[in-house]
Amino acid sequence: MATLHSRASARLMLSPAVLLLLAWMIIPLCLTVYFSFLRYNLLMPGEEAFTGWSNYYFFITDPSFKDAIINTLTLLGGVLLITVAGGILFALLLDQPMWGQGIVRIMVIAPFFVMPTVSALVWKNMFMNPVNGVFAHIATGLGLQPYDFLSQIPWASIIWIVSWQWLPFATLILLTALQSLDQEQLEAAEMDGASWFNRFWFIMLPHLSRAITVVILIQTIFLLSVFAEILVTTNGGPGTATTNLTYLIYVQSLLQYDVGAGSAGGVIAIILANIVAIFLMRMIGKNLDA
Amino acid sequence: MARAISNKRKAINTMAAWSLGLLIFFPILWIAILSFKTEIDAIKGPLDVLSATWTLESYSAVQERSDYLKHFTNSVIISLGSTLLGLLIAIPAAWAMAFVPARRTKDVLMWMLSTKMLPPVGVLIPIYLIFRDTGLLDTRIGLVLVLMLINLPIIIWMLYTYFREIPGEILEAARMDGASLGKEVLYVLTPMAIPGMASTVLLNIILSWNEAFWTLNLTAAKAAPLTAFIASYSSPEGLFYAKLSAASIMAIAPILIMGWFSQKQLVRGLTFGAVK
Amino acid sequence: MSIKRTLLGMAITAATLTALAASASAEELTIATVNNADMIIMQKLSPEWEQKTGNKLNWVVLEENVLRQRVTTDIATKGGSFDVVTIGAYETPIWGEKGWLNTLNDLGDGYDYPDIFEPVRNGLSVKDNLYAVPFYAESSFTFYRKDLFEKAGIEVGKDQITYDQFAEMVAKLHDPDNGIYGTCQRGKAGWGENMAFIGPMVNAFGGRWFDMDWQPQLTSEPWKKAINYYVDLLTQYGPPGAPANGHNENRALFADGKCATWIDATSAAGYIYNPKDSRVADKTGFFQAPKEVTDKGTGWFWAWALAIPSSSTKVDAAKDFLKWATSKEYIAMVGEKEGWVAAPPGTRASTYANPKYQEAAPFADTVKNAILATNPADPTLEKVPYTGVQFVAIPEFQGIGNYVGQQISAALAGQQSVDQALENAQQFAVREMTKAGYIK
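Residue numbers (the numbering used here), protein chains in the order written: chain W, 1 to 290; chain B, 1 to 276; chain S, 1 to 440.
Worth flagging that the hints you see were computed from the coordinates, not collected in a lab. Quick caveat: nothing in here was measured; it's all calculated off a predicted structure. Be aware that a few hints might be false.
Unchecked claim - Not everything, but these chain B residues come out facing chain W in the computed CB check (under 10 Å): (1) T14; (2) L23; (3) S234; (4) Y241; (5) S248.
The beta-carbon is built from N, C-alpha and C at its ideal position, and this holds for glycine as well.
Model the full structure from these sequences, guided by the hints.
Below, the structure written as structure tokens:
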């Protein structure tokens, strides 16, 4: 009785959120799917016509499409690798006894609060600029040729900028997890003569696995749609070197005003996101007993 | 049982951690320094910059060009509004999923998260048309709604992981005592979940404050928050490092300070239940 | 007859009353503009207009690309967010023809339309209807450092030089060890960035975007020669980071004394000659942009103009603002308050006839001649079906221009060969033109 009652009220309580999200998802999604079958250029209103699959055809055969997919995935992989590996290292370091740990924490967490636009602007101009940037000044000071990061290694530069924003997040979650580790267990292992590496591999890492999963999941959600950093620094170039799927859709629908092709790209991006989501769900299923 | 740590080792740790922390923090520190320099000095080498005279002229130049207070107020209203509205909708949902789990709860949760993966650029035109027809363009209400919706999955998920840690027996006991559902949520659940809700609120304020696509594209003048303010400094107009630095500091300082003061609560919540 | 007259009289009275009522009630206008120096001055001076009329302005100041996207989205969807928008010579005729802009033929006698340079007026009109009023207009020419030229023993003659001669000069001037780069040119991808420089250069080499059947010509011999020249020139004698430098970046470099030559907008002269902003104000000279096989279309034409979207509901107040911001009086006010060298250039004959301006701006006549010499209707050696010197006035051009710009930028960064870049560009252009129905 009670369960029945509470189950009904649970459904009632859940429904506003579900309905809102459904509306938020379904309405634009339906419109997007609808537009993706239209010849619809924003600059030519009144000339919309049904074109079948041609928007999809043109989007997939777009010379930038392959690069965009590859870039989207390498950005995801690259940033995850840097932030998780770096985060574990930093967390291990910060977990050691030291003076002024509070201040170090404050410094490490700061980039997480910075707007993506601002951090991209700052890295691009004040640091990576090959004439007036800090790196260029240091290079010339050492008698070296300044390196032009954003045109020579554009994608790596962007991966770096994005990693800088997410490293604090990973570090702090992993640090919190590490601090919750049972010290006695570690000490017992040490007594038994386990090397540091063994202690790390067999005790700490398994303990961190859930936290790592959370880091990966949260970051993936945000990393699939990285956009501001690219718009501000490289505009997707040189060539298509820094065009990811989100940026390609932006180019199609808001620079070329081809809403039809942009919508087709949107549908493809949603499919990709769902593939990644299913992949993640498998992972979460093991690690998070949700 | 605590091991004795030699001071030497502690000193090495301190050195390493501090240099690492400074390295990560350096870009922010650097723009803070540049913002108090003249434009001519700001493009010099690091050592010359440090020895140059300090000035407030960039801040006054920025203030003269754009109405900082207006953008700041909009940012505050939009991020607070969307967070509170989100909380209002998310608490019942998270409660339901945590205490009355159904077979599909996990799927619903993952589905909610997947709505966050929808690329905003792909749906701008449909949303723009809807906003135009409902008169929501360039209104704070419109932005509150949109930001609430894009962050709702995260809010629900965070609250869900929190609620799940609250032992069911306590709720049972309250129910035995004849508490209604509303009272149960209000007097039993909420106080226990306050730390979790605090960190949820903090994270959402940060995410809304920094959201730069919708806030830029759905506003013109009246509802434009700080992300739009910074967009007018994004391309160099002659020498611009000092002004860009000043504008950046003005845009990030409020959230940075809030974040620093609340970092303990924030970090605890960010673990999404991964740390028990 | 008398009834008619009475009615007419009543109508006129009513109209006057409405006009009075309109001017009496304060309006709030939202104005979108680009973050150029001239626009920032306008923003600074606009309280004068606000006080005079009692109206209020809400400013949306954005970086050029963001502005263009933001404004286009709003106007094309008739969102009505803006009452006054800043648009360029490319958008104005296209949008005007679609009825997205209010006509501006009736700003009154005091506005003195004939004073506006003819190419500028034509560039902003469709079939004798003016759709935007010019805030400033520009062509392109070569900035050079007089001191460095003297040191290298290079004479600047009166005749238009060729790009080959230009390259020889640049080679002599290049001195990176002392922080001087032979030439700074736009490398940042975008139809309004690198393609604005490359377009006129390709014209000089005898190339064109499309033939009379709208077939893209990007792999033709002139394009190959021009782009190879461009990439070689900048890789050998350009500053580091050239693929990321746009107009603003190059202007900062030139003003900082790092470039010996720079071919770019005439409107930047006010900045370069202003000792407040520039370290080379007294060392800079100028000559025409080079030619090669032809001198047709070697200087571009561009104007930033103010327009009123047809979705605006405050047309009268907006018109009043436009009239104020592009009037002779406004230009004089900038001259008095900010110095004549900063006065908005390129729009009105009266500015160039003003002795104060001529004195402050030694480049005045060269700029005027460059602008009067442009002819967007006949820009190339061979005939073309389009108008526009550095752009093609069709809606599809933005997309194509951006893509071609990206490809050339990648070639400049050394990530692909010039041939490869042009091959990709050609394929893309053919695709887009097919998709849009130009090529059957």
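Hints, verified against the model:
1. T14: Cβ of B/T14 sits 4 Å from chain W, so the hint holds.
2. L23: 9 Å, holds
3. S234: 6 Å, holds
4. Y241: 6 Å, holds
5. S248: 5 Å, holds
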